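What follows is the residue order along each chain.
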Amino acid sequence: MEIPQKLRDYINESRAPLPPISDPEEPLQIDSLGLIRLVSFMESDCGIRVEDEELVAENFATLRSLEEFLAKKSQAAVTPS
Amino acid sequence: MKTRVLIIGGGPGGSAAAMFLTKEGIKPLIVEQVEFPRFHIGESMTGEAGALLRRLGLDDAMTQRQYPVKHGVRVFGSSSWFIPVARRDENWQIQTASTWQVRRSDFDQMMLAEAQQRGATVVRGTALKALRSEDGGVRGALIRKSDGTTEEIESEVLLDCSGMGTFLANQRVTGPKYVGSYDKQIALFAHVKGALRDEGLAGETARNNTLIFYKKKYHWAWFIPIDNEVVSLGLVVPTAEYVAHKQSPDEFFRSYMPTINPELSRRTKQLEYVEKVHVIPNYSFQVRRFCGKGFICIGDAHRFIDPIFSFGLSATMREAEFAVPYIVDYLKGKGRDQENPFDAYQRFIEKGTDNLEDMVDLFWEQPFAFATFVHHRYRDQLIDAFAGRIYETERQPSKAIMVFRKLLKRERDYEHPDDYSIPIGSRYHPERAALWEPNSPVEGTEEWLREAVSGAPELVASK
Numbered sequence: 001m002e003i004p005q006k007l008r009d010y011i012n013e014s015r016a017p018l019p020p021i022s023d024p025e026e027p028l029q030i031d032s033l034g035l036i037r038l039v040s041f042m043e044s045d046c047g048i049r050v051e052d053e054e055l056v057a058e059n060f061a062t063l064r065s066l067e068e069f070l071a072k073k074s075q076a077a078v079t080p081s
Numbered sequence: 001m002k003t004r005v006l007i008i009g010g011g012p013g014g015s016a017a018a019m020f021l022t023k024e025g026i027k028p029l030i031v032e033q034v035e036f037p038r039f040h041i042g043e044s045m046t047g048e049a050g051a052l053l054r055r056l057g058l059d060d061a062m063t064q065r066q067y068p069v070k071h072g073v074r075v076f077g078s079s080s081w082f083i084p085v086a087r088r089d090e091n092w093q094i095q096t097a098s099t100w101q102v103r104r105s106d107f108d109q110m111m112l113a114e115a116q117q118r119g120a121t122v123v124r125g126t127a128l129k130a131l132r133s134e135d136g137g138v139r140g141a142l143i144r145k146s147d148g149t150t151e152e153i154e155s156e157v158l159l160d161c162s163g164m165g166t167f168l169a170n171q172r173v174t175g176p177k178y179v180g181s182y183d184k185q186i187a188l189f190a191h192v193k194g195a196l197r198d199e200g201l202a203g204e205t206a207r208n209n210t211l212i213f214y215k216k217k218y219h220w221a222w223f224i225p226i227d228n229e230v231v232s233l234g235l236v237v238p239t240a241e242y243v244a245h246k247q248s249p250d251e252f253f254r255s256y257m258p259t260i261n262p263e264l265s266r267r268t269k270q271l272e273y274v275e276k277v278h279v280i281p282n283y284s285f286q287v288r289r290f291c292g293k294g295f296i297c298i299g300d301a302h303r304f305i306d307p308i309f310s311f312g313l314s315a316t317m318r319e320a321e322f323a324v325p326y327i328v329d330y331l332k333g334k335g336r337d338q339e340n341p342f343d344a345y346q347r348f349i350e351k352g353t354d355n356l357e358d359m360v361d362l363f364w365e366q367p368f369a370f371a372t373f374v375h376h377r378y379r380d381q382l383i384d385a386f387a388g389r390i391y392e393t394e395r396q397p398s399k400a401i402m403v404f405r406k407l408l409k410r411e412r413d414y415e416h417p418d419d420y421s422i423p424i425g426s427r428y429h430p431e432r433a434a435l436w437e438p439n440s441p442v443e444g445t446e447e448w449l450r451e452a453v454s455g456a457p458e459l460v461a462s463k
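Chains as they are written, first to last, in the working numbering: chain A, 1 to 81; chain B, 1 to 463.
With the rest of the complex left out, here is chain B (with noise of 0.2 Å):
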């Protein structure tokens, strides 16, 4: 089989792209592994988020479905503050503006329908191997399909959409993939009814505000409103705090979660829990030459920083979207002979993403002069990065991001063609190796849980 351009993985970084390469006459194959809907994790929206689905004219699809429209961030810890969500006008003025949670396992089906209705089409099946041209670039990919048989599918451009797979970085085909910053934490969440909201109708207590708790550096929780009974309930602490409790994924978070912050706690004290209690250990990483000839890698196939401020499918549309101007040039035969035909794209994702980095760095490292900013000195500029402009299009960095550079002692090099964007990752655990195997025991979740919590510390120690 051929194809343009195929995009390994249908959730929201796969549908957008696929939507805006149709809104170009680019006709794409997303293959998907599992069958929609299904569980998925990252339930909140920037609000250039929500900007992009109304570019996509989903405007009224979201609000037929009545995801809850979220106002701001509201933020209670030892410094509490909240930000609103805002947008830019033509004059970049901030204007008020509203965003959306949603519940993953229905959003993504409603994006992966609505590409395929506006013409993507749909394998189901799982990418096992890139195929690799002569001169080292990606030619397409070996699908197994949900019948069994497998099929080389040939494309010009393979997007990566396959999330924290990482499919191509696995494959090797990318540059080396590091552990992150914070690749030592642990996220443990699950979907509750009956914690108690805010009953505003907008601004900082508006109801479905997103509200994030923490206790101190690298403990803290989330409480995303999903539905009108729903909250997502999330909990984030160092792996090994974890490991030393002994306990499973569910008595650790019911135990607790409490003791994150008496506002929580106050909020969460008569829960049903309807969806079990989800584990993802270690995920912080970032891919380098993520792109290159004939492939791009979206999203969290190539780089994840931390959970907090929501940022994942924000970042993952955007890619998408920022990437088809660059796919449409290439399929039209520009930068063929280059050796990464992507670099400019690549670097301006890499910058924006750590505009990204910078801001979560310093909130955990200076959470007082972090707090400061949000209330008078950098309102603004917050409110945007809040609001996930941190692309150079978006006038970024901004002044409070250079702020942030000197107050983590931080310079950023994009001079030179491999040395751009440094990885910050494991700057708090120098011992360990940068790198992230592709088959080390991080790999299996589950089963690497188990047996960090029976009794085996040493993979917790040295992964």
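Just chain A, with the same shape it has in the complex (with noise of 0.2 Å):
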């Protein structure tokens, strides 16, 4: 699964006053407060539902980690919202 552009808005915004991300690999630099909402956000306007066992920070380290774990969890987990 494709990172939602509203979710990748979403990301952009919570690392301000940082620049959008343009590389994969570059760290999000979003705070662990500002990930724990980040996980509500996936939760509440993408539909995307994260398991207790996949709350682990390295899951969304960066854009290209964030991509390969939606990726594992394409079918079953995800619903439309």
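Derived from the structure by calculation, the hints contain no laboratory data.
Note that the structure is predicted; figures quoted are calculated from it, not measured.
Among these hints, one or two may not hold up.
[To be verified] Each computed EDC-like pair below joins lysine to aspartate or glutamate, with the alpha-carbon atoms no more than 16 Å apart:
{"#": "1", "chain 1": "B", "residue 1": "Lys406", "chain 2": "A", "residue 2": "Glu53"}
{"#": "2", "chain 1": "B", "residue 1": "Lys399", "chain 2": "A", "residue 2": "Asp52"}
{"#": "3", "chain 1": "B", "residue 1": "Lys129", "chain 2": "B", "residue 2": "Glu154"}
{"#": "4", "chain 1": "B", "residue 1": "Lys129", "chain 2": "B", "residue 2": "Glu151"}
{"#": "5", "chain 1": "B", "residue 1": "Lys215", "chain 2": "A", "residue 2": "Asp31"}
{"#": "6", "chain 1": "B", "residue 1": "Lys406", "chain 2": "A", "residue 2": "Glu51"}
Got two chains here, each in a separate frame; can you build the complex from them with the hints?
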């Protein structure tokens, strides 16, 4: 699964004043509270359920890792919002 | 001398047990080896520990002594969060509550005096040896009294409240004493003036909350106000790291503390030390079969996991309270022919404490998941756990604890009489023997440390 555009936008907003991410390997640089909010946003606004055992900081380290994480979940765990 | 219940150790576990026993008309005898007041660590209480003191009618005494009122625990680290002290009402709804922080020298003295005033007898002396009956049970202890004479004290039930001294485990009356998960950690602590507190009256920024700061896995500090001026500061790191620095406890404490977290550094710029830096290395252990014919081990006398989240005082006093109905039944004759008349109690305590261990382990293993759970997913269950509601009678293990186990890939099996709660200790160091030998060098704390720091690293490596 691709990272939905609104999730990309949310991530870019969360890292402000840092510039929007261009490199998928670049660390998101969102603090832990921001990550917790990010998970909430994924669930409430993108319809992506993040399971308890998926709450590992590495899944949210870069756009690449997030993409891989979403790909792994692609079928069962993803429902349209 | 004879007594129905003999209590070894006049700390809060022994005193609380004595007070709950006197409520039942049983007047125990407490043996305490040192004169109070004396320094002791473990200064913060959970909400349930506060509730227990209220059940003992000590609310006014606590208020009169102006112990700092704790409203919650604030954690600073890569994940920061706050957990308020809260109770459950009769409909199991969460309600705001508070508890206390205490200076142990003063609190323990108050508790022992109170126990004495309510009918317990206090004898100054050292327990030398457990007296055994023919069937292997415990029938009392040999005591050396403060005047140097020895005396056998016969009892129907002996409560081992000796703390980390683990009197009965060292006597090999219990099952084996295993090293625990955090046995490679060292705790250094002192009392200071001049530390900056928050200024609020309640909630997250209340002046007397417990603060926890962490740097990375197994590197952290506590900040616990114990009166209007003095704060208890503690530093916990891997023992090997302390030894590698080759510094005295005092030097290490002062130089390392500010590196834990910028927020801690900001709060501890100008300190006056009012208590020397104390040390407890390799503190984590677990004793199996800690109850049996004629004996029960309470609190640290059978298990110590880790000082984080301040569960010690709460666990020891609650175990004392929970033990009393079992003791009353036993004194009436119930279960005397059983191999372990306190088996049900033992399992009850073991399960509760395992819930705590799972929580501490998840905090270190998966801090991001833990923080997310605190923030929203399992907030109420974590409020319960931090309040010390960890026992079956308190709807435990909660959904959160079950999730912790799943994340830790851990199962707890209590089905078989001898394999409840297999100690999880040493899983990070499988090469080491799991048993804690009663006479290992670890016992002589200060001496062990001097040798370790002065260049005998094998003591650290092999223990």
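Okay, the hints, checked on the actual structure:
1. B/Lys406 / A/Glu53: Judged against 16 Å, a Cα distance of about 8 Å means the pair holds.
2. B/Lys399 / A/Asp52: Answer holds: lysine 399 of chain B to aspartate 52 of chain A is near 12 Å, not above 16 Å.
3. B/Lys129 / B/Glu154: holds (12 Å)
4. B/Lys129 / B/Glu151: holds (11 Å)
5. B/Lys215 / A/Asp31: holds (15 Å)
6. B/Lys406 / A/Glu51: holds (12 Å)
Consistency with the previously given hints is maintained throughout, with no hint failing.
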